[in-house]
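Construct the entire structure; sequences and hints are all you get.
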Amino acid sequence: MKKLINSPATVLADALRGVEAAHPDVSVDYANRVVSRGADVKQGRVALISGGGSGHEPLHSGFVGLGMLDAACAGEVFTSPTPDQMLAATTAVDAGAGVLYIVKNYTGDVLNFEMAAELAAAEGIEVKSVLVADDVAVEDSTWTAGRRGTGTTVLVEKIAGAAAEEGRDLAAVHEIATRVSENGRSMGVALTSATVPAVGKPSFDLPDDEIEMGVGIHGEPGRKRVSLRPASEIAEELVSSILADLDFSGAPVIALLSGLGGTPLIELYLMYGEVAALLEQRGITVARALVGDYITSLDMAGCSLTLLRADEEMLRLWDAPVNTAALRWGV
Amino acid sequence: MRTLEDSRLTVDDLIAWLVRFDDEIVEQAGFLTELDSAIGDADHGTNMARGTAAVRVRLTETPSGDAGAVLKSVGMALVSTVGGASGSLYGTLFLEMAKSVGTASELDTAVFADAFRAGVAGVVARGRAEPGDKTMIDALQPSVEALSAAASDGVPLAESLQSAAAAAAAGRDATIPLVARKGRASYLGDRSADHLDPGATSAAILVQALADSHAERTR
Numbered sequence: 001m002k003k004l005i006n007s008p009a010t011v012l013a014d015a016l017r018g019v020e021a022a023h024p025d026v027s028v029d030y031a032n033r034v035v036s037r038g039a040d041v042k043q044g045r046v047a048l049i050s051g052g053g054s055g056h057e058p059l060h061s062g063f064v065g066l067g068m069l070d071a072a073c074a075g076e077v078f079t080s081p082t083p084d085q086m087l088a089a090t091t092a093v094d095a096g097a098g099v100l101y102i103v104k105n106y107t108g109d110v111l112n113f114e115m116a117a118e119l120a121a122a123e124g125i126e127v128k129s130v131l132v133a134d135d136v137a138v139e140d141s142t143w144t145a146g147r148r149g150t151g152t153t154v155l156v157e158k159i160a161g162a163a164a165e166e167g168r169d170l171a172a173v174h175e176i177a178t179r180v181s182e183n184g185r186s187m188g189v190a191l192t193s194a195t196v197p198a199v200g201k202p203s204f205d206l207p208d209d210e211i212e213m214g215v216g217i218h219g220e221p222g223r224k225r226v227s228l229r230p231a232s233e234i235a236e237e238l239v240s241s242i243l244a245d246l247d248f249s250g251a252p253v254i255a256l257l258s259g260l261g262g263t264p265l266i267e268l269y270l271m272y273g274e275v276a277a278l279l280e281q282r283g284i285t286v287a288r289a290l291v292g293d294y295i296t297s298l299d300m301a302g303c304s305l306t307l308l309r310a311d312e313e314m315l316r317l318w319d320a321p322v323n324t325a326a327l328r329w330g331v
Numbered sequence: 001m002r003t004l005e006d007s008r009l010t011v012d013d014l015i016a017w018l019v020r021f022d023d024e025i026v027e028q029a030g031f032l033t034e035l036d037s038a039i040g041d042a043d044h045g046t047n048m049a050r051g052t053a054a055v056r057v058r059l060t061e062t063p064s065g066d067a068g069a070v071l072k073s074v075g076m077a078l079v080s081t082v083g084g085a086s087g088s089l090y091g092t093l094f095l096e097m098a099k100s101v102g103t104a105s106e107l108d109t110a111v112f113a114d115a116f117r118a119g120v121a122g123v124v125a126r127g128r129a130e131p132g133d134k135t136m137i138d139a140l141q142p143s144v145e146a147l148s149a150a151a152s153d154g155v156p157l158a159e160s161l162q163s164a165a166a167a168a169a170a171g172r173d174a175t176i177p178l179v180a181r182k183g184r185a186s187y188l189g190d191r192s193a194d195h196l197d198p199g200a201t202s203a204a205i206l207v208q209a210l211a212d213s214h215a216e217r218t219r
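As you go down the protein sequences, you meet chains A and B in turn.
Residues 1 to 331 (the UniProt record's numbering) are what the first sequence spells out, left to right.
Residues 1 to 219 (the UniProt record's numbering) are what the second sequence spells out, left to right.
Honestly, the hints are just simulated from the structure, not real lab data.
All C-beta atoms in this analysis are idealised placements derived from N, C-alpha and C, irrespective of residue type, glycine included.
One or more hints might be untrue.
[Stated by the list, open to error] Covered stretches of chain B, going by a simulated chain A footprint (3 or more residues, C-beta under 8 Å):
| no. | region |
| --- | --- |
| 1 | 41–48 |
| 2 | 83–94 |
| 3 | 187–195 |
[What the hints assert, rightly or not] In silico EDC-like pairs for lysine to aspartate or glutamate, Cα to Cα no more than 16 Å straight-line:
| no. | chain 1 | residue 1 | chain 2 | residue 2 |
| --- | --- | --- | --- | --- |
| 4 | A | Lys224 | A | Asp209 |
| 5 | A | Lys224 | B | Asp190 |
| 6 | B | Lys72 | A | Asp84 |
| 7 | A | Lys201 | B | Glu34 |
[Stated by the list, open to error] Derived CB-CB ranges, DEER-like:
| no. | chain 1 | residue 1 | chain 2 | residue 2 | range |
| --- | --- | --- | --- | --- | --- |
| 8 | A | Pro207 | B | Pro63 | 52 to 58 Å |
| 9 | B | Thr10 | A | Asp208 | 56 to 62 Å |
| 10 | A | Glu166 | B | Ala170 | 54 to 60 Å |
| 11 | A | Asp208 | B | Ala193 | 26 to 32 Å |
| 12 | A | Pro207 | B | Glu34 | 17 to 23 Å |
Shown next as structure tokens:
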């Protein structure tokens, strides 16, 4: 597998150097692998921190900046960051109003953020956490680690970030973050496996004529493996799985169609066209849409669809100014 | 001159244990990753090896304190270098053991058994996994029971550690038919059966490393 790397062991450190070089607005703590807003620690404002395994870029470091995250903790590829990193991020960005952790529901992330919250509490910093568990592909969540956290994370970071920017207190920012998390649903489809640099070969075998419906962002298995079919049929499966899980009627919807890292934008727009048509047929109003690579899985080909059952407040916060490497408007 | 009858673990014994653990993890990293690629995300060997290497550096390059200080430093090194669920769980194991032994400089079988029990209880609480969920608990819990039983029967330390290691190995092997209910393997559902659990495997290596390093030092 060909990759633009120097050595599998230095991928993360080398990539962080590029992040800092390209985006003078953020600062990188290399020892702790924390990307944070360079300036703008506004006293009294709630700070937002997220983090997770690397390989899902631009999530999370690409969303650090005005109107979104204050800091992102980067773990090794597909491996959760550690509590000491999270604590370093927490003490760096806390402005006296408390810190919200945005955590995707994977065992490693949950346990490490939990330890970090305990350490932060011991230092007198108030922390609340919101868990994102939006992947409808996981049906039997009683007997698993629960639903996985995927695309809704991007929407939580944007909307809660705008709420924090407005000066709301920690309880209020936590409340809207939780509301977004609870009203978002996602499902993905993989055409190929991702290849972890340190492993050097695809994480799973997927024959040329098959796709994995409901794949996770680390290549976790989905609902089923089926033969390759037209985009319209794949879109139908994604849309109907999500709509079967939550009633989206009568609410404005925010739609995110994200690539998984190895699929060109023309195919993502093609897929979004199919999704938009299916939603219209079902009488569902898309109020805002975002198409592109926002939560990826290294070089995996495929896409994920996220739908958020929004309300007027969420739309207003969605439209609020944001100035980050990967999301920028209104500034 | 130490003999097989020696009934206490010293700080140096603890350090020898963890150095041995690093040797074994390095040796078996490929195997652990292979197990993990079948039902997880193919990084358990790599992640553990990064952690045990850091533990080795910390223990061999900085002066050691009492048993509690050594175990705490092991826990912190694992938490901050392994990452993922394993880092937090292995870290918790050692941090809870450290709290249990406090400032002791030598641990007899009963004190060590109590510390091990406290450590494993910490892992259970942190990971919210129960025996049978196909996790490291399936190796650790039977190992704790074997060690406690040996301690209360007055079995010599060396023998007690061997029975703890044997119980961990049996618990590890018993994970093969299980369907995972915790961690990333749980997403496979029934497809997680017929595989050895990587976490239970590294946990069995940990206990075996203690029995082996102790046997070697008292030979």
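Please flag the earlier hints that this structure goes against, numbers listed from lowest up. none
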